[in-house]
Amino acid sequence: MLKLRTLAIAALMAMTLGPLAAPNAHAADKYITVASTTSTANSGLFDFLLPKFTEKTGIEVRVVAVGTGKAIKLAMNGDADVLFVHHKPSELKFVKEGFGVKRSDVMYNDFVMVGPKADPAGVKGAKMAGDGLKKIAVAKAPFASRGDNSGTNKKELELWKGAGIDPTGAENKWYSATGSGMGATLNVASGMNAYSLTDRATWLKFKNKGDLEIVLEGDPVLFNQYGIILVNPEKHKHVKKDLGQAFIDWTIGKEGQGLINEYKILGNQAFFANAQPGS
Amino acid sequence: MSDPITQPSTEAPPVARRRTTPSILPLSLEGVCFDARGKRLIHDLTFTLDAGPRTIILGPNGAGKSLTLRLCHGLLTPVGGHVAWEGAAPGADPLKHQAMVFQRPVLLRRTVAQNIDYALKLHDVARRDRPALIEDVLNRTGLARFAKSPARHLSGGEQQKLALARAWATKPEVLFLDEPTASLDPAATHAVENIIQTMHGEGTRIVMTTHDLAQARRLADEIMFLHKGHLMEKTPADEFFDAPRSGEAAAFLKGELRW
Amino acid sequence: MNDISAAFVTALHLLVTFDQNLVEIVGLSLRVSLSAVALAVVIGLPVGAALALFKFPGRNGLIVFLNALMGLPPVVVGLVVYLLLSRAGPLGVLGLLFTPTAMIIAQAILVTPIVAALTRQVVADLWVEYSEQMRSMGAGPLSAIPALLYDARFTLVTAVLAGFGRASAEVGAVMIVGGNIDHVTRTMTTAIALEVSKGDLALALGLGIVLIGISLAINAATYTVKQRAEAAWA
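Protein chains in written order, with my numbering: chain D, 1 to 279; chain V, 1001 to 1259; chain R, 2001 to 2234.
In case anyone wonders, no lab produced these hints; they're calculated from the structure. For each residue, glycine too, the CB sits at the ideal point set by N, CA and C. Warning: the hint list may mix true and false statements.
To spell it out: a stretch of chain D is covered by chain R in this simulated footprint if at least three of its residues, at any positions, have a beta carbon under 8 Å from a beta carbon of chain R; those stretches are [as the list claims (entries may be wrong)]:
no.	segment
1	92-98
2	205-219
The following residues of chain R were derived to be distant from chain D, with all beta-carbon distances above 10 Å [claimed, not checked]:
no.	residue
3	LEU2012
4	LEU2015
5	PRO2073
6	ARG2135
7	GLY2138
8	GLY2172
9	TYR2223
Within a straight-line C-alpha distance of at most 27 Å, the following computed DSS-like cross-link-like pairs (lysine-lysine) qualify [what the hints assert, rightly or not]:
no.	chain 1	residue 1	chain 2	residue 2
10	D	LYS70	D	LYS93
11	V	LYS1039	R	LYS2055
12	D	LYS73	D	LYS30
13	V	LYS1121	R	LYS2055
14	V	LYS1096	R	LYS2055
15	D	LYS127	D	LYS73
16	R	LYS2226	V	LYS1148
17	D	LYS127	D	LYS88
18	D	LYS154	D	LYS70
Make the full structure from the sequences, and use the hints.
Given below as structure tokens:
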């Protein structure tokens, strides 16, 4: 009885003190933290790409997948070594303000508009994203927005602006800002048969499609560019400059770019590598 | 007084009999008053307890018997007057030389032996000295076979014996008992009385309340009679039962006062 | 409906195949939550007991505050711990953000008020019964604390289980301070949130079923031990 209790206490102590004493014991310290977006993580690209990088270099890559807005905020606070997101204007601003060293293009895919198969707003006939949104607004058909300041959300708001519509007013009951990630927003759209804007990779991988399908794609304005930036070590001394740069070089180099093009979801190429050679 | 349970031994018994340390007695109360919820329950209590006799406090319900014990023991602080252990050395803690046994024993949720061990620890008895003391009081109270049993599994009588053993082990100079046998059967009552007598015989000053007049006759050297918070008399026992000084005590003995 | 039946199949499959990822996630969840509870016990028991036994100005206010803390939203705790541990925050130099340690700290903050508040109640009730006897034996409130906690042990187990329940069920705090990093800070609840966001509701619910199963097993085991011990001692 006494022995058992001693053992239990010892076990508990080990559990408590273990992680406190050596927080990263199992991973040594050769790792970097990458702040990235839900779309890259949920698409499965990282699961495909990162093990190959780790195998080659011995550097573990820890991905914190949040919306682009929050990822940038994390990087500004110095809580990541590398920023890997998809909203070029915000990325350039990040570098310009001195938080990042340099921005490089990595790859692109595109956004697609999804909606109910029955297409009550008649979006399918439209070629241009702006026309599709206008039809939705006229029909007051339900639309689910990220509403979380993510790259996709920023893109969507730009599209509405381009169409001359401000859907965010409280009087527009058909417009729902979910304030959550892409997957959660697609779950909402699927649940209420709403239209939504999503990146193609997340959509391909998404399993709870319900009655939704792609209703509009191919408008050049739906182009979705991803960029990668090393967090400025002059702002945050602890940034793992060399390891982070190694990851960036590999990603925009021949091997990383080739692997990005190889990655397929259900037979579809999900991302198109477009790093500038020598950048 | 000899104890039949104690084995004869040439060596000094572990529980030192007959105290050698200077006494904390006499205990003197002077003009002690106590209130609860704005009502005065103890009025101007003045008396002295010297070493020696067994004092039994009698009185009807609500007379203030238990309050008086608690005021003496220091569990309650008087609103007026003084309680003083006149023999206590300056700076010493008189509480360490006293113990109290309650009507309902409060035993810790551990073994019989551990309950006594805990009291000894509080009395700063060194760890290595405790087992012998524990064994001794358990033998003397007939609880030795329960040493490793959970204290709360004992019968009511055994629990009260354990409470006494726990008090005994700390070698109190003064032992307060608040109706210790009120909820016990005759056999357990008898056993408890025997322990009290033995402790008295070894020099512990007994101060006890009871509802049981026959018990008072068996145990008392001296009676303190309380009525409505007043001390009516403090009389040698023989005298009290023959010819009480106060009218209230006479009525009480005739059963004319409500208990 | 399909998702629900698929969830049970998934849960069963995960368990039967002893899925390596699942084992890792469950292991981390248990390590984080149990450590947080252990910390909460180390802090909460004495604090709760002290609140029960000592009278001081502001005590009642403190008790109300403590009881209110039991309802702290995990997201808020996560956010506060994030701001503290962020490189830009006051404790940033420790580099603890996105580690299991950060998650343990956040959960300990969530759990400690529960353990402390319940301990206070239990010890206060016990003190009513014990106080005269303890004081008679020369134990003041301070020296009585260990004995009171020990004697309240069977009831306190329930407080600890309540704390563990809160820790193992919450997602808001660990998501923010842990970052849900694969193989590093991914727990049962953040994994469930992730699968929901991928739209894989069957896998998410399957993980949920596993989580409920583990929680049930821990509670059942503790309850059994408690019942036996209580029968033996109380």
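How the hints compare with the structure:
Chain R is given as covering the segment 92-98 of chain D, and this is violated because 0 residues of the stretch bring a CB closer than 8 Å to a CB of that chain, at least three being needed. Residues of the segment 205-219 of chain D lying with their CB closer than 8 Å to a CB of chain R number 5, which satisfies the three-residue condition for coverage. In this structure LEU2012 (chain R) is separated from chain D by more than 10 Å, as the shortest Cβ-Cβ distance comes to about 19 Å. For LEU2015 (chain R), the shortest C-beta to C-beta distance to chain D comes to about 21 Å, beyond the 10 Å cut-off, and the non-interface label holds.
No beta-carbon of chain D is positioned within 10 Å of the beta-carbon of PRO2073 (chain R); the least distance is around 15 Å. Every beta carbon of chain D lies more than 10 Å from that of ARG2135 (chain R), the smallest distance being close to 29 Å; the non-interface claim holds. Every Cβ of chain D is farther than 10 Å from the Cβ of GLY2138 (chain R); the closest lies at roughly 27 Å, confirming the non-interface assignment. Chain D leaves GLY2172 (chain R) outside its interface by the beta-carbon criterion, the shortest separation being 13 Å against a cut-off of 10 Å.
With a least CB separation of 16 Å from chain D, TYR2223 (chain R) remains clear of the 10 Å interface cut-off, as annotated. Proximity of LYS70 (chain D) to LYS93 (chain D) is assessed by CA-CA distance (about 15 Å); at most 27 Å being required, the pair is judged to hold. At most 27 Å may separate the alpha-carbon atoms for a hinted pair to count; LYS1039 (chain V) and LYS2055 (chain R) meet this at roughly 24 Å. Between LYS73 (chain D) and LYS30 (chain D) the CA atoms are separated by roughly 24 Å; this keeps the pair inside 27 Å, and the hint holds.
For the proposed pair LYS1121 (chain V) and LYS2055 (chain R), the alpha carbon gap of about 26 Å is at most 27 Å, so the pair holds. Taking the CA atoms of LYS1096 (chain V) and LYS2055 (chain R), the gap is about 25 Å. The hint holds against a cut of 27 Å. This hinted pair does not check out: LYS127 (chain D) and LYS73 (chain D) have alpha carbons roughly 35 Å apart, beyond 27 Å. Restraint check: the Cα-Cα separation between LYS2226 (chain R) and LYS1148 (chain V) comes to about 20 Å, which is no more than 27 Å; the hinted pair holds.
Straight-line distance between C-alpha atoms of LYS127 (chain D) and LYS88 (chain D) comes to about 24 Å, which keeps the hinted pair within the 27 Å bound. Simply put, LYS154 (chain D) and LYS70 (chain D) have alpha-carbon atoms about 12 Å apart, close enough for the 27 Å limit, and the pair holds.
Going through the hint list in order, the structure does not satisfy hints 1, 15.
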